[in-house]
Amino acid sequence: MRARRGFIERSIADITATLEKAIFSEELARKEGLLQNLDPRMKVITFLALLLAVSLSQGLLIIVALYFLTLLLAWRSRIPLGFFIKRVWLFMPFFTGMVALPALFNIFTPGEPIVTLWQTERFHLAITIQGLRTATFLVLRVGVSVSLALLSVLTTPWATLLKALHILRLPQVFILILGMAYRYAFLLLHTANSMFLARQSRTVGQMPGGENRRWIAASASTLLAKSYHLSQEVYLAMLSRGFRGEAQMLDTFRLKPSDWLWGATLLALALLAVLM
Amino acid sequence: MKMRKEPIFELERVSFTYDGKVTALREVSLAVAAREKIALLGANGSGKSTLLMILAGLYFPALGQVRAFGNALTEEAFKDESFAFSFRRKVGLLFQDPDVQLFSPTVWDEVAFAPLQLGLDQEEVVSRVEEALRLLRIESLRDRAPHRLSEGEKKKVAIASILSLHPEVWLLDEPTAGLDPRTESWFLDFICQLNEVGHTVITATHDLDAVDLIADRIYVLSEENRLIAQGTRQEILSDRELLLRCNLTHEHRHRHERLEHAHPHRHPERHIHPHE
Amino acid sequence: MHIPDGYLSPASCAVMYAAATPFWYRASRKVKRVLTARMVPLIALFAAFSFVIMMFNIPLPGGTTGHAVGSTLVAIILGPWAAVIAISVALAIQALFFGDGGVLAFGANCFNMAVVMPFVGYYIYHWISGRSELTSLRRPIGAAVAGYVALTIAALFTAVELGLQPYLFRAADGTPLYAPYGLSVAIPAMMGPHLLVASVVEALVTGSIISYLQRVNQPLLMLTTELPAEARERAVASPRARILWVGLAILILLAPLGLLAPGTAWGEWGGEELRELGLGFIPEGLERLGGIWPAPIPDYEVPGLNANLGYILSAVVGIVLVSLVTWLVSRIVVRQSTKI
Chain A
1 MRARRGFIER SIADITATLE KAIFSEELAR KEGLLQNLDP RMKVITFLAL
51 LLAVSLSQGL LIIVALYFLT LLLAWRSRIP LGFFIKRVWL FMPFFTGMVA
101 LPALFNIFTP GEPIVTLWQT ERFHLAITIQ GLRTATFLVL RVGVSVSLAL
151 LSVLTTPWAT LLKALHILRL PQVFILILGM AYRYAFLLLH TANSMFLARQ
201 SRTVGQMPGG ENRRWIAASA STLLAKSYHL SQEVYLAMLS RGFRGEAQML
251 DTFRLKPSDW LWGATLLALA LLAVLM
Chain B
1 MKMRKEPIFE LERVSFTYDG KVTALREVSL AVAAREKIAL LGANGSGKST
51 LLMILAGLYF PALGQVRAFG NALTEEAFKD ESFAFSFRRK VGLLFQDPDV
101 QLFSPTVWDE VAFAPLQLGL DQEEVVSRVE EALRLLRIES LRDRAPHRLS
151 EGEKKKVAIA SILSLHPEVW LLDEPTAGLD PRTESWFLDF ICQLNEVGHT
201 VITATHDLDA VDLIADRIYV LSEENRLIAQ GTRQEILSDR ELLLRCNLTH
251 EHRHRHERLE HAHPHRHPER HIHPHE
Chain C
1 MHIPDGYLSP ASCAVMYAAA TPFWYRASRK VKRVLTARMV PLIALFAAFS
51 FVIMMFNIPL PGGTTGHAVG STLVAIILGP WAAVIAISVA LAIQALFFGD
101 GGVLAFGANC FNMAVVMPFV GYYIYHWISG RSELTSLRRP IGAAVAGYVA
151 LTIAALFTAV ELGLQPYLFR AADGTPLYAP YGLSVAIPAM MGPHLLVASV
201 VEALVTGSII SYLQRVNQPL LMLTTELPAE ARERAVASPR ARILWVGLAI
251 LILLAPLGLL APGTAWGEWG GEELRELGLG FIPEGLERLG GIWPAPIPDY
301 EVPGLNANLG YILSAVVGIV LVSLVTWLVS RIVVRQSTKI
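Residue numbers (the numbering used here), protein chains in the order written: chain A, 1 to 276; chain B, 1 to 276; chain C, 1 to 340.
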């Protein structure tokens, strides 16, 4: 299906989806909810611990339990659950599921067969316990990890998340660059979008592939030149406000008792998941 | 002018070319005293933005002398940290394109950028940011991403980001471009107030109606990038021939009651003149 | 190409973070000191650009479309060190904001796409284009070849990282805990689509943009030579083996540590249950490899020993792999610097 659609439609769809996602996330991040109120630094630390727990745990049930924890947290943070579940799992089966599918069979994962599909003298095709488990591990781990990452992003305004990253000893200049890159990505996305739309409005019928590729090279180059030009201007704007290559940041985060409580609870749960 | 003081800016036969190819200024000389209200008037491409960049210590001409606050303004001079620090602190530049000027993740960070870069302590930074947000009545925008604001809001944030620097000199590049009428008149008022409380304001523009309000003295740049006239507001604005020659005004046909005819003309203003 | 969390064991993630760190460190030092404040917006804008370029779908013969990564392009224009940061930043935005690529796997993704790719791409481009004229045909061709090879090699790294997982991390009953396919499956599965589709897209994009810039915007092709002399000299000559060897030493130190961390959990979990079942723990891959070794592994009934062997093996493989890359990169770098 996807291949049928033209590259312009796909590109526009991708760009629009990206822009919409960003706007919607920002809305959710401003709601009043459990995770929205958690100190962002605490959130970064606890979510990393939970991610690690998902990755380290060797019990499928434990990973499932961690998934229910993310659902609980999402619910308490007033994230629409239907949206949250769909957003994670609709993409998952398409990629990880497909990747994991062959692993079910004894060809890729030898082990005890539970369902034999084909049995002759020389050929034996079966789903193995090990295969089933490994595929489940993969799909669950990926799904729960994506849920966790999504949850932390949905409940934290991007700018706050950026500042919280400082707690990971990330150099400030990286954080500055990261913030600017994100901000200008939107500007360039808008530019790219209007290029595609302008092109679409002028195109009747099919264009040969070669011509399309030339057009893309031209517009990507235009975008590249614009990026460079903008960077020079932005540099001057930064310079005129005293920039000397050092990023200065002011974080006004204050840990509340409730932050400690939630932080400790989530960390304990992560630890428990690993030890169990 | 009440008192002729030492000029704060002095340009002597300054010429500037981009990449050694495109000429932006030819032998421009001017002098600006403290507390003056000045306009650099010229059509697009006349070099007025370049001139502002030179005054802001961002471009350095290969030919001619630039002096500011009694010091030569050269690339070399800016290598001296204390000179760079004091100059950047005194001079604020409003860029024509707010997308260039607004590079931070939130409005608050944007306004805090200059005070933080200048190494002010935390309390001072916070109080300056709050004051700037309050003066421009944009407190409600504090957590918004600058790139998602309307053009008028962007302009206000850009102004606030300079206001928090507490500069003595304001350099404004086409400040009314892209503003709706109400924001525009508010902004022209703001510029006048700045000047009344003792700031030097230098505005580059081609908007003759704005000039009427925000300049006591006017320098006119020709399309050949030369300074071809200077004088008081009255002298320059009454010289229709000059304005026509510099592509700052135009003739077109229009109607006065029943008569249709052509003459040099400025738009929003009502004009009265005798008809035969 | 973007590895999500769940495919790599935490230990492998740690190793890959360790592998990427010296490059990040080196690159950030350059941004801070040598390349001046000007580099900050430059890198930010190019990160934004490479983020956006991934939205450009390129039509391919046969009706499908694909998109480029752009690492080679950014490396050609900004130089490999600035590209390390720019692409890492683009990947961080994708991982953090759009869930494309994992957070724990961020180190691995950066190593593949923000370290291996720009360096391979940059040096192949310079090797082919040499000192040719700015308008020479050798430049777009060099860029296309560089894009093709760089993405293919990055895909190979990804495949090896994924393919090593089942040899190293299995549950007691032989269930692979992370990516389930061994090298013999992972490498062809990854390389096929890349050799035929993804790398072709990368080559087309990189080559045609360079060719377009030749006609329209030559100054952009000279950015790396326009940098201050000091920066240029360092940008090409500097990484010298030293810093990379230091990075490698850290890696060697960290690798066993990172690998041992899950070891305890694994051993504990396996021990009781295994003895009850009376089953020995035989990592499938180990068993196969065991045959190759002169002395077969003695009593693999003891789970602990085999588990440890697994860790050691993983550490050895990891270190050999990283050493190889480091050695190759440093060789190329040193040769390049002696030429200039």
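What the hints contain is simulated information worked out from the structure, not anything from laboratory work. Any given hint could turn out to be false.
Here are a few chain B residues that sit away from chain A, every Cβ distance over 10 Å (derived from the structure) [as the list claims (entries may be wrong)]:
| # | residue |
| --- | --- |
| 1 | V91 |
| 2 | S127 |
| 3 | L135 |
| 4 | C192 |
| 5 | Q234 |
Calculated lysine to any residue pairs in the SDA-like style (CA-CA distance at most 25 Å, straight line) [what the hints assert, rightly or not]:
| # | chain 1 | residue 1 | chain 2 | residue 2 |
| --- | --- | --- | --- | --- |
| 6 | A | K226 | B | V22 |
| 7 | A | K86 | C | M54 |
| 8 | B | K21 | B | L63 |
| 9 | A | K226 | C | Q218 |
Every residue gets a Cβ at the ideal spot worked out from N, C-alpha and C, and that includes glycine.
(message) Can you confirm whether the C-alpha distance between K86/A and M54/C stays at or below 25 Å?
(response) holds (24 Å)
(request) Quickly compare the C-alpha distance for K226/A and V22/B to 25 Å and report which way the hint goes. (result) holds (19 Å)
(request) Sort out whether L63/B lies within 25 Å of K21/B, counting only the CA atoms. (result) holds (14 Å)
(message) Between the alpha carbons of K226/A and Q218/C, is the straight-line distance 25 Å or under?
(response) holds (14 Å)
(request) Verify that the Cβ of Q234/B lies farther than 10 Å from every Cβ atom of chain A, and report whether the claim holds or is violated. (result) At roughly 33 Å from the nearest Cβ of chain A, Q234/B sits farther out than 10 Å, so the non-interface label holds.
(request) Compute the least Cβ-Cβ separation between C192/B and chain A, then decide whether it is above 10 Å. (result) The claim stands: C192/B keeps its Cβ more than 10 Å from every Cβ of chain A (closest is about 23 Å).
(request) Say whether it holds or is violated: V91/B keeps its Cβ farther than 10 Å from all Cβ of chain A. (result) violated (7 Å)
(request) With 10 Å as the threshold, tell me whether S127/B passes as away from chain A on beta-carbon distances. (result) holds (12 Å)
(message) If I take the minimum Cβ distance from L135/B to any residue of chain A, is it greater than 10 Å?
(response) Since the minimum Cβ distance to chain A is about 18 Å, L135/B lies beyond 10 Å and the statement holds.
In this structure, only the earlier hint numbered 1 is contradicted, and the remaining ones agree with it.
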